[in-house]
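Chemist: Now for the letters of each chain:
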Amino acid sequence: MIQINNISKQFGRLKALDQVSAACDASECIALIGPNGSGKTTLIKCILGMVVPDSGSIIFDGKQISNDWQYREQIGYMPQIGRYPDNMTIGQVIDMMKDIRNKSLHLDESLITAFGLDKLYHKRMRTLSGGTRQKVSASLAFLFNPKVLILDEPTAGLDPVSSEILKDKITTEKGKGKLVLITSHVLSELDDLVTQVMYMQDGKLVFHKSIALLHKDTGEQKLSKAIARVMVNSEN
Amino acid sequence: MRKIIKYVITDILRNKIVLAYTFCLLLISFSVFSLEDNPTKGLLSLLNIILIIVPLISIIFGAIYIYNSAEFIELLVSQPLKRNAIWVSLFTGLSASLIISFLVGIGLPVLFYAFSLTGMVMIIVGVLLTVIFVGIAMLAALQTRDKAKGIGITILLWLYFALLFDGLVLFLLFQFADYPLEKVMAGISALNPIDLGRILILLKMDVSALMGYTGAVFKDIFGTTAGLLLSFIVLLLWIVLPVWISTVKFKTKDL
Numbered sequence: 001m002i003q004i005n006n007i008s009k010q011f012g013r014l015k016a017l018d019q020v021s022a023a024c025d026a027s028e029c030i031a032l033i034g035p036n037g038s039g040k041t042t043l044i045k046c047i048l049g050m051v052v053p054d055s056g057s058i059i060f061d062g063k064q065i066s067n068d069w070q071y072r073e074q075i076g077y078m079p080q081i082g083r084y085p086d087n088m089t090i091g092q093v094i095d096m097m098k099d100i101r102n103k104s105l106h107l108d109e110s111l112i113t114a115f116g117l118d119k120l121y122h123k124r125m126r127t128l129s130g131g132t133r134q135k136v137s138a139s140l141a142f143l144f145n146p147k148v149l150i151l152d153e154p155t156a157g158l159d160p161v162s163s164e165i166l167k168d169k170i171t172t173e174k175g176k177g178k179l180v181l182i183t184s185h186v187l188s189e190l191d192d193l194v195t196q197v198m199y200m201q202d203g204k205l206v207f208h209k210s211i212a213l214l215h216k217d218t219g220e221q222k223l224s225k226a227i228a229r230v231m232v233n234s235e236n
Numbered sequence: 237m238r239k240i241i242k243y244v245i246t247d248i249l250r251n252k253i254v255l256a257y258t259f260c261l262l263l264i265s266f267s268v269f270s271l272e273d274n275p276t277k278g279l280l281s282l283l284n285i286i287l288i289i290v291p292l293i294s295i296i297f298g299a300i301y302i303y304n305s306a307e308f309i310e311l312l313v314s315q316p317l318k319r320n321a322i323w324v325s326l327f328t329g330l331s332a333s334l335i336i337s338f339l340v341g342i343g344l345p346v347l348f349y350a351f352s353l354t355g356m357v358m359i360i361v362g363v364l365l366t367v368i369f370v371g372i373a374m375l376a377a378l379q380t381r382d383k384a385k386g387i388g389i390t391i392l393l394w395l396y397f398a399l400l401f402d403g404l405v406l407f408l409l410f411q412f413a414d415y416p417l418e419k420v421m422a423g424i425s426a427l428n429p430i431d432l433g434r435i436l437i438l439l440k441m442d443v444s445a446l447m448g449y450t451g452a453v454f455k456d457i458f459g460t461t462a463g464l465l466l467s468f469i470v471l472l473l474w475i476v477l478p479v480w481i482s483t484v485k486f487k488t489k490d491l
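As given, the protein sequences belong to chains A and B, one line each in that order.
Just so you know, this note's numbering puts 88 at position 88 of the first sequence, and the rest follows in order with no gaps.
Just so you know, this note's numbering puts 387 at position 151 of the second sequence, and the rest follows in order with no gaps.
Honestly, I wouldn't trust all of these hints.
Calculated lysine to any residue pairs in the SDA-like style (CA-CA distance at most 25 Å, straight line) [unchecked claim]:
#1 Lys242(B) to Gln92(A)
#2 Lys147(A) to Lys419(B)
#3 Lys216(A) to Val206(A)
#4 Lys242(B) to Ser352(B)
#5 Lys242(B) to Tyr121(A)
#6 Lys485(B) to Pro316(B)
#7 Lys222(A) to Val161(A)
#8 Lys15(A) to Lys485(B)
#9 Lys242(B) to Arg124(A)
#10 Lys222(A) to Glu28(A)
#11 Lys485(B) to Asn67(A)
#12 Lys98(A) to Arg133(A)
#13 Lys318(B) to Lys123(A)
#14 Lys485(B) to Gln10(A)
#15 Lys15(A) to Lys455(B)
#16 Lys455(B) to Ser352(B)
#17 Lys222(A) to Gln10(A)
#18 Lys209(A) to Gln92(A)
#19 Lys242(B) to His122(A)
#20 Lys98(A) to Phe11(A)
#21 Lys123(A) to Val93(A)
#22 Lys147(A) to Glu310(B)
#23 Lys103(A) to Pro316(B)
#24 Lys318(B) to Phe11(A)
#25 Lys242(B) to Val206(A)
#26 Lys318(B) to Glu164(A)
#27 Lys419(B) to Phe407(B)
#28 Lys98(A) to Asn320(B)
#29 Lys489(B) to Val161(A)
#30 Lys239(B) to Gln92(A)
Which residues of chain A face chain B? A partial, calculated answer using Cβ under 10 Å [claimed, not checked]:
#31 Tyr77
#32 Met96
#33 Met125
Bear in mind the hints are in silico, worked out from the structure with no lab data behind them.
The structure presented is a predicted model; accordingly, all values stated were derived computationally and were not measured.
By construction, the Cβ of each residue, glycine as well, lies at the ideal position given by its N, Cα and C atoms.
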């Protein structure tokens, strides 16, 4: 579904992405893991077209994404830090997104009600706490029933109840044959969600394999232990 | 595209600074026209307001608005929208709302007190200057990531266009006083939209006689229909070029 071919990106002297190639298929839930500053968010932003890679290409559903914009209709994106116009209320932001996407049918508003955002519609974005902002971001990502969900640190800042709601939602959407791409630092949360793991370090993709293979290779059942083992091994 | 323009305009028109700007212009033009019984004198006083304040507000407000909308722009870029469309809509929305406040603040009183060809030219020049300086502000804001630096650059640009440029021209005139520079001067004025606007309005006011021989040359060049057309084309180029450059740059900007 998404094919990434040898993309590189340089920010000044920092090499954020170095010849990264990967392929992501539908009905997979892929965890993008790596230390801080390893290029995870840059990779995601490249897929979204927010960052333009220096070289290489990204193919979405058989089409090059450079100079294309319509493919983004198939993507729901939840940013690491959701930033919205301060003067707008939650209701206005949601209505604006519906208006921009030009969609009013087949909307998936289940997260809005599950998070209780419908009761906060009149609140202005600047008055919201970080967690509530995350809830708005998550609701917007799922709202338009996209084929691909890209979630950057989805559970950071969410309370345990909301985080469970979100995880359940991710599981159901994966069951519907959607591709879910998650980055997270809380590896224990990913255990029962993900089917594949991509591990990045210093802008390079170290490996991309299915979780079963990872368990087999490392001999560990928990994702966090398996990754710790990989990190230790790569240091030696 | 129309939807983004709509959101930008409703957002700006609710902004208190823009309301204050409109009210300020309205106050100035009404007091100028009620102090003078001769509407042409009133227009002459308004001329300086248009040439100094309108570019200043347009360039600084434009830059600050772009910096403050960083989140909004980021949100839009991740949506299925063309990048060109986002940037051009921002430009259109920003210019449209500042034009509305200019027309309410200066346009209405001029139409009311001094409805004449000179008044119309003045309104047109004011609208063009608003759009030109919004375009320059957006280019400056795109080029510099740092907000303080970006706003500093826009203030310097305004200083250059409003004050320094005239000083440079005067310096050149004195240095090369022995040469016939009148025609060159007319060409050089095309490098500054504020100057071009001033010449256009002054020529319509028939005070060009005060400018001596240079005034006569200017009248010769800008007074003809071809000259008038040419200067409006140059003013339009001052809109198109900065916006075109910033649109191309925005297409590959990393957010």
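Chemist: Indicate, hint by hint, whether the structure satisfies it.
Modeler: Cross-check of the supplied hints:
1. Lys242(B) to Gln92(A): With Cα atoms ~13 Å apart, Lys242(B) and Gln92(A) stay inside 25 Å; holds.
2. Lys147(A) to Lys419(B): Distance of about 64 Å is beyond 25 Å: violated.
3. Lys216(A) to Val206(A): holds (17 Å)
4. Lys242(B) to Ser352(B): violated (33 Å)
5. Lys242(B) to Tyr121(A): holds (21 Å)
6. Lys485(B) to Pro316(B): Roughly 19 Å separates the two Cα atoms, so the pair holds.
7. Lys222(A) to Val161(A): holds (23 Å)
8. Lys15(A) to Lys485(B): holds (22 Å)
9. Lys242(B) to Arg124(A): holds (19 Å)
10. Lys222(A) to Glu28(A): Given pair Lys222(A), Glu28(A) holds - Cα atoms ~19 Å apart, limit 25 Å.
11. Lys485(B) to Asn67(A): Distance of about 14 Å is within 25 Å: holds.
12. Lys98(A) to Arg133(A): holds (18 Å)
13. Lys318(B) to Lys123(A): violated (30 Å)
14. Lys485(B) to Gln10(A): Given pair Lys485(B), Gln10(A) holds - Cα atoms ~17 Å apart, limit 25 Å.
15. Lys15(A) to Lys455(B): violated (59 Å)
16. Lys455(B) to Ser352(B): holds (19 Å)
17. Lys222(A) to Gln10(A): violated (34 Å)
18. Lys209(A) to Gln92(A): violated (42 Å)
19. Lys242(B) to His122(A): holds (20 Å)
20. Lys98(A) to Phe11(A): Violated, at about 34 Å.
21. Lys123(A) to Val93(A): Within the cut-off at roughly 11 Å; holds.
22. Lys147(A) to Glu310(B): holds (21 Å)
23. Lys103(A) to Pro316(B): holds (12 Å)
24. Lys318(B) to Phe11(A): Holds: Lys318(B) and Phe11(A) sit about 24 Å apart, inside 25 Å.
25. Lys242(B) to Val206(A): Violated: Lys242(B) and Val206(A) sit about 46 Å apart, past 25 Å.
26. Lys318(B) to Glu164(A): With a Cα-Cα distance of about 35 Å, the restraint between Lys318(B) and Glu164(A) is violated, given a limit of 25 Å.
27. Lys419(B) to Phe407(B): It holds: about 16 Å lies between the C-alpha atoms, which stays within 25 Å.
28. Lys98(A) to Asn320(B): holds (21 Å)
29. Lys489(B) to Val161(A): violated (38 Å)
30. Lys239(B) to Gln92(A): Cα-Cα ~13 Å, so holds.
31. Tyr77: holds (5 Å)
32. Met96: holds (6 Å)
33. Met125: holds (9 Å)
In the structure shown, a violation is registered for the earlier hints numbered 2, 4, 13, 15, 17, 18, 20, 25, 26 and 29, in ascending order.
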